[in-house]
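Line by line, the protein sequences are chains P and F. Residue numbering for the first sequence follows the numbering used here, beginning at -14 and increasing consecutively. Residue numbering for the second sequence follows the numbering used here, beginning at 935 and increasing consecutively.
Do not rely on the hints blindly, as some may be mistaken.
[To be verified] Just the calculated beta-carbon pair ranges, DEER-fashion:
| hint | chain 1 | residue 1 | chain 2 | residue 2 | range |
| --- | --- | --- | --- | --- | --- |
| 1 | F | Gln1197 | P | Ala35 | 36 to 44 Å |
| 2 | F | Tyr1154 | P | Leu66 | 45 to 53 Å |
| 3 | P | Ala35 | F | Gly1091 | 26 to 34 Å |
| 4 | P | Tyr72 | F | Thr1088 | 36 to 44 Å |
| 5 | P | Gly52 | F | Asn973 | 45 to 53 Å |
| 6 | P | Gln61 | F | Glu995 | 40 to 48 Å |
| 7 | P | Leu33 | F | Gly1091 | 23 to 31 Å |
[Said to hold, decoys possible] Within a straight-line C-alpha distance of at most 25 Å, the following computed DMTMM-like cross-link-like pairs (lysine to aspartate or glutamate) qualify:
| hint | chain 1 | residue 1 | chain 2 | residue 2 |
| --- | --- | --- | --- | --- |
| 8 | F | Lys965 | P | Asp23 |
| 9 | P | Lys2 | F | Asp974 |
| 10 | P | Lys74 | F | Glu1220 |
Keep in mind the hints are simulated off the structure, nothing from the lab. Ideal placement from N, C-alpha and C gives every residue a C-beta, glycine not left out.
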Amino acid sequence: METKNLIPIEQFCSFYKIETTFIDSLESFGLVEVIVVDNNPYFPEDQLAAVERMRRLHYELAINLEGVDAINFLLQRIEHLNQELMYVKNRLGLFE
Amino acid sequence: MEYIDYYKVLGISKTASEGDIKEAYRKLVRKYHPDLNPNDKDAERKFKEVNEANEVLSDPEKRKKYDKHGKDWQHADEIENAQKQRQSQSRRNPGNQNNSSEFSGDFSDFFESMFGGDMGSSRSRQSKFKGQDINAELQLNLEDVYESQKQTLTVNGKNIRLTIPAGVENGQTIRIAGHGNPGANGGPNGDLYLTFSIAEHPKFKRDGSNLYATVNVDLYTALLGGEILVDTFDGQVKLKVAPETQSGVKAKLKGKGFPVYKQEKKFGDLYLTYQVQLPKNLTAQEKVLFTELAKLRKNGN
């Protein structure tokens, strides 16, 4: 399998000096998708920004993983609501 | 330069213990962290203030200096001497100056006057920081996003070449990783968040990938049927008008709308609303004939 769009978990964790168990925990919460290629674990590149954000929440703000999970959910809802707002604003433009 | 009361920023008293400072900092940094307040400039500003206050008050030496000269810092000989000393150090070692200037933008002028642009040893002990994200707006016309196109943008003095995908929405934000401000202590660069502001088109209204337009049809074509030429986004098309077409009737041109975002060669539909145009400045003969038509219709009904 091609690993071009995958981030090696070892490399990510060593860059930020964190334990790889952090990514395992995120996976157990369903917050990241771990893909194993040739016995090496990776996560998709498009999840990098989210994983980096969760790392900051956990290590810089000392928020436990249950809190990170809840924040993640709420941020997704905000994002969804923002998109809906954008859609509604654009629809409103049709009638102006 | 405005004096900043770091105790006030953290909401603590001057007698606060190290533990109180830590607790107040943690509480406020959570409240204003950019990850928890996306695209909130006010929270971003407060987050910087809280970090700056913590940088000073959590370091006993800096706190002592701040407590001593805080309000009268402009007149403190000690500060001037420290600045002179620092300047001579940076002349001897210009490399250090370059490193520190990367991060100096995160602190107020007040902080830099007191403690310099160099964050000192306490900063270097801290973990890597991702650079600040940049939010920018790109104004485009509807035509600009009908096809994917490459554009070079200048953001913060840097040229960024990017492809604007066809079908991007008004108000949509895309993230361009690594094109924000530089990271600190070897941390990664921030990201660039680019929001598209797409101007209204004089002819076409857009709803997602569907387009809406009004077409004028002359009275005779509307009554008797015929063909008209209508504008679409990729040129004119011939359209059959059914006899006795009323004003407000809609026609759908499948696949003649706007490209669907990130779905190559997939297009929405174009919805046309017929607007029947009545003739103006009737001649005497036309008036006679229309009167006759009116009588016919009256008698017929």
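Worksheet entry | Verdict for Ala35 of chain P, Gly1091 of chain F (Cβ pair) under range 26 to 34 Å | Because 29 Å falls inside the window, the suggested range holds.
Discussion item. Quick check: does the Cβ-Cβ distance between Gly52 of chain P and Asn973 of chain F fall within 45 to 53 Å?
Written reply: Cβ of Gly52 of chain P to Cβ of Asn973 of chain F: about 22 Å, so the range 45 to 53 Å is violated.
Worksheet item: Is it true that the CA of Lys74 of chain P sits at most 25 Å from the CA of Glu1220 of chain F?
Response: Violated - the C-alpha atoms of Glu1220 of chain F and Lys74 of chain P are around 47 Å apart, more than 25 Å.
Worksheet item: Holds or violated: 40 to 48 Å for the Cβ distance of Gln61 of chain P and Glu995 of chain F?
Response: Since Gln61 of chain P and Glu995 of chain F have Cβ atoms about 43 Å apart, the given range 40 to 48 Å holds.
Worksheet entry | Satisfaction of the hinted span 36 to 44 Å by the C-beta atoms belonging to Gln1197 of chain F and Ala35 of chain P | About 23 Å separates the Cβ atoms of Gln1197 of chain F and Ala35 of chain P, which means 36 to 44 Å is violated.
Worksheet item: At the C-beta level, are Tyr1154 of chain F and Leu66 of chain P separated by a distance inside 45 to 53 Å?
Response: Cβ of Tyr1154 of chain F to Cβ of Leu66 of chain P: about 51 Å, so the range 45 to 53 Å holds.
Fill in: Outcome of range test on Cβ distance (Tyr72 of chain P, Thr1088 of chain F; 36 to 44 Å)
Cβ of Tyr72 of chain P to Cβ of Thr1088 of chain F: about 30 Å, so the range 36 to 44 Å is violated.
Item to complete: Could you grab the alpha-carbon distance between Lys2 of chain P and Asp974 of chain F and see if it respects the 25 Å cut-off?
Response: violated, 29 Å
Worksheet item: Should the hint that Leu33 of chain P and Gly1091 of chain F are 23 to 31 Å apart at their CB atoms be regarded as holding?
Response: holds, 26 Å
Discussion item. Hint check: Lys965 of chain F vs Asp23 of chain P, CA-CA at most 25 Å. Holds or violated?
Written reply: Violated, at roughly 42 Å.
The structure fails hints 1, 4, 5, 8, 9, 10 (numbered hints given earlier, in ascending order).
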